[in-house]
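Novice: As a plain string of letters, each chain reads:
2 protein chains.
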Amino acid sequence: MAKFSKLTSRSEDYSKWYNELVVKADLAEQSAVRGCMVIKPYGYAIWEKIQAELDRRFKETGHVNAYFPLLIPKSFLSREAEHVEGFAKECAVVTHHRLKNDPNGKGVIVDPDAKLEEELIIRPTSETIIWSTYKNWISSYRDLPILCNQWANVMRWEMRTRLFLRTAEFLWQEGHTAHATKEEAIAEAEKMLGVYAEFAENIMAIPVIKGVKSPNERFAGALDTYCIEAMMQDGKALQAGTSHFLGQNFAKSFDVQFLSKENQYEYVWATSWGVSTRLMGALIMTHSDDNGLVLPPHLAPIQVVIVPIFKKEEDLAQLMTKLQPLADHLKAKGIRVKVDTSDKQTPGFKFADYELKGVPVRLAMGGRDLENNTIEIARRDTMTKETLSLDGIEEHIINLLEQIQQNMYKKALDFRLANTREVNSYDEFKEEIKKGGFLLCHWDGTPQTEEKIKNDTKATIRCIPSKENILFNGNNTIFQEGKCMVTGKPSKQRVVFAIAY
Amino acid sequence: MAKFSKLTSRSEDYSKWYNELVVKADLAEQSAVRGCMVIKPYGYAIWEKIQAELDRRFKETGHVNAYFPLLIPKSFLSREAEHVEGFAKECAVVTHHRLKNDPNGKGVIVDPDAKLEEELIIRPTSETIIWSTYKNWISSYRDLPILCNQWANVMRWEMRTRLFLRTAEFLWQEGHTAHATKEEAIAEAEKMLGVYAEFAENIMAIPVIKGVKSPNERFAGALDTYCIEAMMQDGKALQAGTSHFLGQNFAKSFDVQFLSKENQYEYVWATSWGVSTRLMGALIMTHSDDNGLVLPPHLAPIQVVIVPIFKKEEDLAQLMTKLQPLADHLKAKGIRVKVDTSDKQTPGFKFADYELKGVPVRLAMGGRDLENNTIEIARRDTMTKETLSLDGIEEHIINLLEQIQQNMYKKALDFRLANTREVNSYDEFKEEIKKGGFLLCHWDGTPQTEEKIKNDTKATIRCIPSKENILFNGNNTIFQEGKCMVTGKPSKQRVVFAIAY
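Protein sequences appear in the order of chains A and B.
Counting in this note's numbering, the first sequence runs from 27 upward without gaps.
Counting in this note's numbering, the second sequence runs from 27 upward without gaps.
A few of these clues could be false.
No copy labels: a pair is met if it fits in one copy or bridges any two.
Simulated crosslink set (SDA-like; lysine to any residue; CA at most 20 angstroms straight-line) [stated by the list, open to error]: (1) Lys364 to Glu86; (2) Lys115 to Val134; (3) Lys132 to Ala246; (4) Lys493 to Ala213; (5) Lys132 to Asp281; (6) Lys115 to Asp128; (7) Lys141 to Arg60; (8) Lys436 to Leu426; (9) Lys115 to Ile135; (10) Lys509 to Asp453; (11) Lys75 to Gln199; (12) Lys50 to Asn162.
Quick caveat, the hints were computed from the structure, so don't treat them as lab data.
Only chain A is shown next, with the shape it has when bound in the complex (with noise of 0.2 angstroms):
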């Protein structure tokens, strides 16, 4: 079978293995519309697990989920000056709204005469169509904060586009927070970080770099944004949530304004914070490995898949006799169980498909096995196997998987902190950036000197890091002061560079 046939391998190309990956683990594929991806169901129920652990967050942290148009007027993309520099640019624009039989051929064409009044773009993001709503929502102090959240598909057309990385339709989250104060807008800002890098790091097993962002990294209207960064196999970087600190900008540009306590007017705060589809794919280059996907415990919707051996019915039967009581055990405990007892593929065949899959625990029983009161037991993150007794078997494999998911997060995070290395000096730092990986530097601040490095080297200040990281092996020195590696100027603590995704 074409599916089967092996993965190129990472160290042949990363990129291909990538693209393979994410088309034969039945993730992902190409649709009929340029750049619009298709999440195939096996894709979709990960997703589905990412949504669920992060809905489950926000709304203990006090938000609630809403819904707001998919169109926004042109218009309202040039209120805010910044943002419309940042965003309105390459974007869906909708300007007519009937299709009509052609006159000259069996198919339809554009009704000339349904030409909107005015274009409406597929939101690229929602923050003006929010804050639109917000003005008729807002009044008094009474009625802040808003702490919505929601759900949906969003659009920037992307020339080039890869599978969940940068597609022109992706999923997503979007918060959009209004407040009273300054302090209480920033507070949201940063509690959002911390509940995405809890979330990044227990559940989909990938440390984070807890930061804010430089000026020109800044998201289009933001004063402030704060970020997660993830570092993949390859050693370049991944943005894998943002939440922003957006001043009272968008307040401003929608007249929003409400009655304080002490009786005057004032302009509301803002947050808006959101990961999106591309979670997958730092999910993907963080873990898999040249067999495949490999998923941790806490995200996959499979966690453990039995397949009995058998050629006869009355095999299968008797192996059943064992492997069903145990499925059942460990669903009760929660445990996402799958018993394969198809007679349709080898069991040679379902073993690499659901390596491929990286379902994290294998369970494998034979008439030996029946014999012996055994299992053989597989991991997917070690490839490694072990034939054990049936006898307490469970509470191993409820434990091995807690141990997986552990592993896998030491694994990624050993990885990140081996290839995060300090440079000092700009020369070294054009030979370094070549090999990858996070360089922690000095820079001056300026968006010149962040500039000239780009375009000398295409690296990026991933984020100014906070100081609770955990950043590098060596003696941190770190938030120590010290001068640009350009300029010689002063700093004040080491930035992180590294080429992105």
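Fit chain B to the known structure of chain A by using the hints.
Specialist: Using the frame of chain A, we list chain B on its own:
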């Protein structure tokens, strides 16, 4: 507060009552984009409950979720001839992919250089894009069935819109399945109609009539459309869900064939089925009253609200010694409870607000109750209240919620039966239809007669009911043969006529 200005009563102006209720109960509102609504947090919380209940049922019946592109190439719509007739005309058309700064001013304009080679349509429904995808997924009978569902936004450029009932953009789910045989596809379409009916009746407390559509009312491209029809309080019909047997139409249009067990190429058989945010309209118009929304407990985001009546902080603290344990115990039993200890509003304001929002059970406790070990318990469905001992109150509440659920269903069913009547002559029909309700009549089965009745009276055939329905309070002659009320030609059974939303 304007919010608590009395609602227009249903008897005064049903349509106005509906529009006011949707906005005042914080369910939805018009947005800045014509015909597109904002679903507010409280309305969205109800929709999330609807989604969760349906999604669980879909998965229990073997379906998986996936995601397909928002945009559809224009040419796809004309592939299936009947489909394009029924759908393609009023839809949002994307013609360009870029904006640019207006050289003459401050705003942005559409960049004429960024015209798409082929226009893209925002999906009005996804049969075409999905079947173009299934072509790649299906080659053998081993690949069948495919049982996919998608939760998505869709857009139909409606000229006259009403919140939830008819909006340009709406949220829905659309199931799209592919089968090896005609029988299996028909069984799937019927099964999903059953899922919808069970959900409508047991969760939404909306009695529905199951049946099939007459040819005039069929989905564009379907061989048969199965539907559930509900009666609103004004006697009009509302189609609450549809399930389509699509035959091989889409497989033929997109050339989707499979190699059968008998080693022959055959076209794949298809179904599609969907319900939308329109269900929110059905929910409101089935149950609500002149005081606001009335929610069935199975769907209510808040099932029980507890309102302590206090003036001083100490009083509240004392009341909470009883109320907090009560709330905790109810939550532990899976009841969705809110304790409203806010001192920003008076108890009277809170009572009116929770009535407006349809919370099924309200508990209130003041100082006197505390002395007496009692609590006041109010039912939203009957607007009755009583004072009961705190002893055994938890079990009482749990039973009461179920009782309210049953009562709401029964009330709606009684109303429908009371407003359903047999009509035998066309003269009588023309008078009776003005009074609203469902009319059970003989019809000769021709589109011409159906068309004439629609033109004369605006009434349409809602469905040809299947035999398991309870349709009528009187002697049941519905499934007996008779003569068409218009033409006198033979008819096999009566069908359901009504004016529809």
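Novice: Hints first: check each against the structure and report whether it holds.
Specialist: Structure-based check of all given hints:
no., hint, result
1, Lys364 to Glu86, "between (31 angstroms within a copy, 14 angstroms between copies)"
2, Lys115 to Val134, "between (29 angstroms within a copy, 9 angstroms between copies)"
3, Lys132 to Ala246, "between (45 angstroms within a copy, 17 angstroms between copies)"
4, Lys493 to Ala213, "within (17 angstroms within a copy, 61 angstroms between copies)"
5, Lys132 to Asp281, "between (50 angstroms within a copy, 19 angstroms between copies)"
6, Lys115 to Asp128, "between (31 angstroms within a copy, 12 angstroms between copies)"
7, Lys141 to Arg60, "between (24 angstroms within a copy, 14 angstroms between copies)"
8, Lys436 to Leu426, "within (15 angstroms within a copy, 51 angstroms between copies)"
9, Lys115 to Ile135, "between (26 angstroms within a copy, 10 angstroms between copies)"
10, Lys509 to Asp453, "within (15 angstroms within a copy, 95 angstroms between copies)"
11, Lys75 to Gln199, "both (14 angstroms within a copy, 19 angstroms between copies)"
12, Lys50 to Asn162, "between (48 angstroms within a copy, 13 angstroms between copies)"
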